[in-house]
Amino acid sequence: MKFAKMQANGNDFIIIDNRENIYDYEKIRETAVKACRRRLSLGADGLMTIGKPFIPGSHFGMRFFNRDGSESAMSGNGARCIARYAFQKEIAPRKMRFDTIGGSLDAFVEGPEVTLDMGRVDTSSVLLDETFSYMGETFPVNHMELGHGTAAAPHTVVFLEKSDWRPLETLAPLARALQKVSTRFPDGTNVNFLKVLGHGALEVYTYERGVDDFTLSCGSGSIASAVAAWLNGWCDSPVEVYNPGGTNTILLEEAAPSLLDVKLQGLTAFIAEGELLPDGL
Amino acid sequence: MLSLEFTKMQGNGNDFILVDNRANRFSSKALSRLAVELCHRRRSVGADGLLVIEKSPEADFAMRLFNSDGSEAQMCGNGARCIARYACEKGIAPRETAFSTKAGLVRAKVAQELVTLDMGTVDLGEVGRKGTFPFEGEEISYTHLVAGVPHTVIFPQDMREKTETDLRRLAQTIQVDGKRFPEGTNVNFVTEAKEEFLRVMTFERGVGDFTLSCGTGSAASAIAAWLEGLVKPPVTVINPGGTNTVDFPDERSLAMISVKLTGKAEFVYEGRILEMETEGKDIEG
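Which chain is which? The protein sequence lines are A and B, in order.
Using this note's numbering, read the first sequence as starting at 1 and increasing by one per residue.
Using this note's numbering, read the second sequence as starting at 1 and increasing by one per residue.
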């Protein structure tokens, strides 16, 4: 089985070209579980396949499998990797459209840098000027929902002082407390801790709802943080968002009053190409 | 831009990037930097170490191993098994091979995925060192022996009701006891001893923690259990990362016994590095 391994912002992925439908759904699911094991096999955060488009006119269709074999619509880091792969392998032009199980996505590839069109945010639904109190401290917070339909995800942005040097471990209980009391998001929320470093730079640590921990980098968390900082007048566009795993650049453009067009830009890296041998599966 | 072909292998959960350097493409310095770069999990290929096969004037080939921090290791049982299988399947060495390492000549026999390493001899006179160790109000019995490196073995009856955290603390305490163990020691916990197998967890002194599998620890545990009358060779030793078989002559009258260790070495994938994004340009040479 031939594969490529890529990474973006410290998230690593196995990519398999399945345009000829050589592997069926079960085989891919099983391969994801086996090949994602670190040490014993290839080792990765997830496995993506590139296949025929789901909608006429798109350049290809992608599927994303987590290491436990479950399927997700996509991840910002993963989508960037697959866009670059598709361009480099001449599957799609530089400016492309591809399908995920959560909808279609437009991307633009320039060298190792990939820009994803993340759609529109209705800023009138963002809850500004909220606060959250924890252990005697009160933090300004904003709430919003990003994405639509099944891909919609709740995000909470907690504003921290630039000079706040407390270690991440001490913020985890705060994030968990926020998830529990939030009456606005009954299914919990992703919590983004934001420090505004300047008009062009933000520092963001995302505590992801599904992971129940801080992750190296979260594309939608970077977007939520940039939108919140922008609406509060603390940053311009484009703005660089520093995550522990790497940097995302967020581009915001007002399409109409209270409608923001959002783009996510960041680097990708090809790690290796290879052929998986029977012992690895 | 650097391009590089490699093979990814693993033995008992220890994983390695194997590079053929018989043409002397890379200097020692370059290999050390390559190890740091490529062993990084998530950002690169990801592995415990970089195994390098080189030419040897006195053996079938020479094995070198660079840790993920770039330092060069003397020898590693799981790595030696992987490189022996690689050399055999690529036609570099015969099925029964001898190769040089920083720790001396190693003999190995390859039978498909199973590789048997000759571990040299263990001095049974040295094994007489049984003792007890005071730990949090208890006296813990142990056997101490040298199987290539110093090992202390503790049996199930002295581990009752202890959690992994307790055992880690115990191992750390034993390890720094310079009076009993002036050269330091690895600590092996035999968590289960049956006639057919032993279950062993090794706290490696170089790592400072439990590891998935330790070849010399498996050998030391098997010999200590044999001396206690718990098992007969060949002994199957189950580690969290995989299984080793330890074989030696079943004769207590011998002063020295030669020990052989058999375990799996697996080919995970053949790969090619496409681009080295940091410092890749000056790695070669």
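Honestly, I wouldn't trust all of these hints.
Said to hold, decoys possible - Partial chain B-side listing against chain A, Cβ under 8 Å, derived:
no., residue
1, Arg-43
2, Ser-44
3, Gly-46
4, Ala-111
5, Gln-112
6, Glu-113
7, Leu-114
8, Glu-196
9, Arg-199
10, Leu-254
11, Ile-257
12, Phe-267
13, Tyr-269
14, Glu-270
Stated by the list, open to error - Cβ-to-Cβ under 7 Å is the rule here; a few derived chain A residues that face chain B:
no., residue
15, Asp-12
16, Asp-68
17, Ser-70
18, Glu-71
19, Met-135
20, Gly-280
21, Leu-281
Since the hints were made in silico from the structure, they are not lab data.
Cβ atoms here follow ideal geometry from the backbone N, Cα and C, with glycine treated the same way.
Hint-by-hint comparison with the structure:
1. Arg-43: Status holds, d = 6 Å.
2. Ser-44: At 6 Å from the nearest chain A Cβ, Ser-44/B passes the 8 Å test, so the hint holds.
3. Gly-46: holds (5 Å)
4. Ala-111: Violated, about 15 Å.
5. Gln-112: Status violated, d = 11 Å.
6. Glu-113: Since chain A brings a Cβ to about 7 Å from Glu-113/B, closer than 8 Å, the hint holds.
7. Leu-114: Interface hint status for Leu-114/B: violated (12 Å vs cutoff 8 Å).
8. Glu-196: Given a least distance of 25 Å, the restraint on Glu-196/B is violated.
9. Arg-199: violated (19 Å)
10. Leu-254: Violated, because the Cβ-Cβ distance from Leu-254/B to chain A comes to roughly 37 Å (cut-off 8 Å).
11. Ile-257: violated (32 Å)
12. Phe-267: Since chain A brings a Cβ to about 5 Å from Phe-267/B, closer than 8 Å, the hint holds.
13. Tyr-269: holds (5 Å)
14. Glu-270: holds (5 Å)
15. Asp-12: holds (5 Å)
16. Asp-68: violated (17 Å)
17. Ser-70: violated (20 Å)
18. Glu-71: violated (21 Å)
19. Met-135: violated (28 Å)
20. Gly-280: The hint holds - Gly-280/A has a Cβ within 7 Å of chain B, the shortest such distance being about 4 Å.
21. Leu-281: With a minimum Cβ separation of about 9 Å from chain B (threshold 7 Å), the hint on Leu-281/A is violated.
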